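Student: Protein sequence lines correspond, in order, to chains V and E. Under numbering that gives the first Met the number 0, think of the first position of the first sequence as 0, with each following residue one higher. Under numbering that gives the first Met the number 0, think of the first position of the second sequence as 0, with each following residue one higher.
Source of the hints: derived by calculation from the structure; they are not laboratory data. For clarity, every value in this text was computed on a predicted model and none was experimentally measured. Hints should not be assumed to be uniformly reliable.
Derived coverage of chain E by chain V (criterion: at least 3 residues anywhere in the stretch with Cβ under 8 angstroms from a Cβ of chain V; other residues may be distant) [unchecked claim]:
| # | stretch |
| --- | --- |
| 1 | 155–164 |
| 2 | 246–254 |
| 3 | 276–288 |
Derived DEER-like restraints, expressed as beta-carbon distance ranges [stated by the list, open to error]:
| # | chain 1 | residue 1 | chain 2 | residue 2 | range |
| --- | --- | --- | --- | --- | --- |
| 4 | V | 149 | E | 127 | 38 to 44 angstroms |
| 5 | E | 91 | V | 223 | 42 to 48 angstroms |
| 6 | E | 40 | V | 279 | 51 to 57 angstroms |
| 7 | E | 311 | V | 82 | 34 to 40 angstroms |
| 8 | E | 21 | V | 13 | 53 to 59 angstroms |
| 9 | V | 87 | E | 313 | 53 to 59 angstroms |
Note that CB positions come from ideal geometry on N, CA and C, so glycine has one too.
There are 2 protein chains.
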Amino acid sequence: MDAYAIAVDLGGTHVRAAVVAPDGRVVHAVRDRTRAEEGPDAVVSRLIRLARTALAECERENVVGVGVAAPGPVDPDRGVVMYPPNLPGWGEVPLARLLADALGMPVWLGNDANLAALGEHRFGAGRDVHHMIYITISTGVGGGIIVNRRLLTGALGMAAEIGHMPLIPEGPLCSCGHRGHLEALASGPSLAREARAAIERGWPTCLAELDRPPSAEDVVAAARSGDRVALELLARAGAHLGRAMALLVHLFNPERFVVGGGVSNAGDLILEPARRAARRHVLPAYRHTFDVVPAGLGDNAGVVGAAALVFEAAEAL
Amino acid sequence: MDAYAIAVDLGGTHVRAAVVAPDGRVVHAVRDRTRAEEGPDAVVSRLIRLARTALAECERENVVGVGVAAPGPVDPDRGVVMYPPNLPGWGEVPLARLLADALGMPVWLGNDANLAALGEHRFGAGRDVHHMIYITISTGVGGGIIVNRRLLTGALGMAAEIGHMPLIPEGPLCSCGHRGHLEALASGPSLAREARAAIERGWPTCLAELDRPPSAEDVVAAARSGDRVALELLARAGAHLGRAMALLVHLFNPERFVVGGGVSNAGDLILEPARRAARRHVLPAYRHTFDVVPAGLGDNAGVVGAAALVFEAAEAL
Numbered sequence: 000m001d002a003y004a005i006a007v008d009l010g011g012t013h014v015r016a017a018v019v020a021p022d023g024r025v026v027h028a029v030r031d032r033t034r035a036e037e038g039p040d041a042v043v044s045r046l047i048r049l050a051r052t053a054l055a056e057c058e059r060e061n062v063v064g065v066g067v068a069a070p071g072p073v074d075p076d077r078g079v080v081m082y083p084p085n086l087p088g089w090g091e092v093p094l095a096r097l098l099a100d101a102l103g104m105p106v107w108l109g110n111d112a113n114l115a116a117l118g119e120h121r122f123g124a125g126r127d128v129h130h131m132i133y134i135t136i137s138t139g140v141g142g143g144i145i146v147n148r149r150l151l152t153g154a155l156g157m158a159a160e161i162g163h164m165p166l167i168p169e170g171p172l173c174s175c176g177h178r179g180h181l182e183a184l185a186s187g188p189s190l191a192r193e194a195r196a197a198i199e200r201g202w203p204t205c206l207a208e209l210d211r212p213p214s215a216e217d218v219v220a221a222a223r224s225g226d227r228v229a230l231e232l233l234a235r236a237g238a239h240l241g242r243a244m245a246l247l248v249h250l251f252n253p254e255r256f257v258v259g260g261g262v263s264n265a266g267d268l269i270l271e272p273a274r275r276a277a278r279r280h281v282l283p284a285y286r287h288t289f290d291v292v293p294a295g296l297g298d299n300a301g302v303v304g305a306a307a308l309v310f311e312a313a314e315a316l
Numbered sequence: 000m001d002a003y004a005i006a007v008d009l010g011g012t013h014v015r016a017a018v019v020a021p022d023g024r025v026v027h028a029v030r031d032r033t034r035a036e037e038g039p040d041a042v043v044s045r046l047i048r049l050a051r052t053a054l055a056e057c058e059r060e061n062v063v064g065v066g067v068a069a070p071g072p073v074d075p076d077r078g079v080v081m082y083p084p085n086l087p088g089w090g091e092v093p094l095a096r097l098l099a100d101a102l103g104m105p106v107w108l109g110n111d112a113n114l115a116a117l118g119e120h121r122f123g124a125g126r127d128v129h130h131m132i133y134i135t136i137s138t139g140v141g142g143g144i145i146v147n148r149r150l151l152t153g154a155l156g157m158a159a160e161i162g163h164m165p166l167i168p169e170g171p172l173c174s175c176g177h178r179g180h181l182e183a184l185a186s187g188p189s190l191a192r193e194a195r196a197a198i199e200r201g202w203p204t205c206l207a208e209l210d211r212p213p214s215a216e217d218v219v220a221a222a223r224s225g226d227r228v229a230l231e232l233l234a235r236a237g238a239h240l241g242r243a244m245a246l247l248v249h250l251f252n253p254e255r256f257v258v259g260g261g262v263s264n265a266g267d268l269i270l271e272p273a274r275r276a277a278r279r280h281v282l283p284a285y286r287h288t289f290d291v292v293p294a295g296l297g298d299n300a301g302v303v304g305a306a307a308l309v310f311e312a313a314e315a316l
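Working from the sequences, and respecting the hints, build out all of it.
Tutor: Pasting the structure below:
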């Protein structure tokens with residue numbers, strides 16, 4: 000008899016559910032659009048409906064439990080989502096209990112970026128290391144940290160807020176209201192902001208010929224086609240990322256960085272400047288102690304990590 | 000029958016050995032001067048002699064083993080000191096094996112600041128928490144990090160290099176050759192440097208009346224006597240320390256910071272500015288999740304932590 004986990008990923012624009020096998024394979028997946036403005040009740044109803052659709056794909060007695068990846072901050076011990084900035088209007092929502100009551104199964108909850116780190120560690124680009132740091136770069140910058148093969152959660156489940164590492168005291172404004180955080184220096188919106196600034200300064204770039212403000216995807220596409228300005232913008236973002244990595248190397252002494260999220264589709268155009276900056280900014284003893292690789296699971300990292308949470312929590316029971 | 004650990008602390012100017020009881024009490028302590036320039040052979044001979052003196056204070060069959068606190072970087076798994084910058088002329092020295100051969104007992108080795116963190120966690124100011132960060136501020140800035148009651152060592156035992164967190168990209172030069180690290184902004188030598196600069200700028204301070212360049216101890220003493228400039232220098236160092244703490248809060252979500260080392264003798268004159276800066280620089284959700292307290296074990300933290308390493312390693316055998 001096979002054992003499966005139902006994994007649910009609650010995003011800002013989509014909700015997804017998947018049936019995941021113990022080896023991390025996604026054997027079935029469904030998704031639905033959502034809008035945070037619908038409010039918690041409507042979104043939770045969608046989640047429950049999707050989870051039931053996924054459940055219908057397997058024999059119920061073969062399902063170990065349900066894992067939920069939700070935007071942080073979350074309290075993983077109580078299974079509560081706590082005023083997530085990416086879900087405006089949400090307060091404290093006891094998501095794990097709501098799903099457990101509706102589905103009649105045990106439910107475990109985690110921060111989505113943390114669970115993506117767990118997924119990459121158990122089944123993705125970090126499978127063979129004990130100490131790994133996952134960084135996801137898209138609209139925001141998030142992450143998860145694996146210490147001795149275990150997810151670092153901290154006292155209240157709020158560890159690994161990598162996007163809000165301050166790097167430049169008077170740097171650009173971050174979404175959180177502080178200045179100079181990694182998220183304000185190397186994220187999709189920061190790339191788009193720097194592209195607009197480059198156009199305003201009259202730098203020679205094909206991005207100026209778009210009939211709309213350039214997006215991060217536009218910057219990556221232009222860089223791939225050889226646009227010098229777009230390449231420079233990615234190199235600068237990568238250099239900031241590398242400085243953050245150097246700091247993390249001094250604190251965690253990891254073996255590997257795994258980089259995911261939309262902006263990481265730029266591949267070595269951003270990762271190679273990050274590697275160079277990281278090696279330049281660490282003390283010599285650390286220079287050859289880590290590598291920097293792209294994520295292996297793509298969009299599935301969150302659901303696969305949520306499933307890993309279920310398998311490991313169930314085993315520990 | 001009582002069980003004791005022999006703990007040895009290898010510093011840049013002194014070597015110490017102690018007999019430590021399982022409850023963390025130092026029941027006997029001896030010390031000797033040393034100079035790194037003597038070279039590893041002479042220093043190791045001193046350590047062995049001191050450890051034997053300590054051993055003579057107890058029945059040998061009551062001793063569990065020997066713990067050594069050494070300046071980093073160290074490889075705790077192999078028991079090797081690795082080119083420590085504070086011990087010039089040392090390369091890779093297999094300190095644990097050398098002591099084990101001479102003493103005929105099992106020897107465990109750790110980074111001194113890491114072991115001080117372990118000591119403060121097991122027997123000092125961090126006894127009641129699960130997630131703690133220890134920062135020691137003296138000639139250098141070092142630390143140790145407790146995650147879920149365990150010492151964070153990282154892949155190669157080189158984690159928690161807190162002194163070399165970059166805080167200001169083009170900041171003052173650090174002892175390591177990089178710029179703007181915490182150690183260059185809040186350490187004994189950085190306080191002394193800022194005091195000299197204040198005097199050169201003609202700021203009104205009693206420090207200008209000394210017949211020598213002011214030391215960090217002079218700054219602390221002047222601040223205690225109400226000298227405004229000295230108070231401002233401590234407040235600035237504290238603000239840098241607090242910014243580093245804010246970053247650490249976002250990454251580790253600790254319950255407590257424990258601050259030790261010579262400069263921490265300034266007490267709230269440096270800790271209160273640090274608390275204020277830390278709370279100002281964290282995201283609102285973290286503001287009331289941590290406290291900042293002075294270390295509890297003073298100079299004994301290292302030997303007590305080395306003893307804790309022995310008791311726990313022996314138990315795990």
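Student: Which hints from the list above does the structure break, by number from lowest to highest?
Tutor: Checked against the structure, the hints that fail are numbers 4 and 6, while the rest are satisfied.
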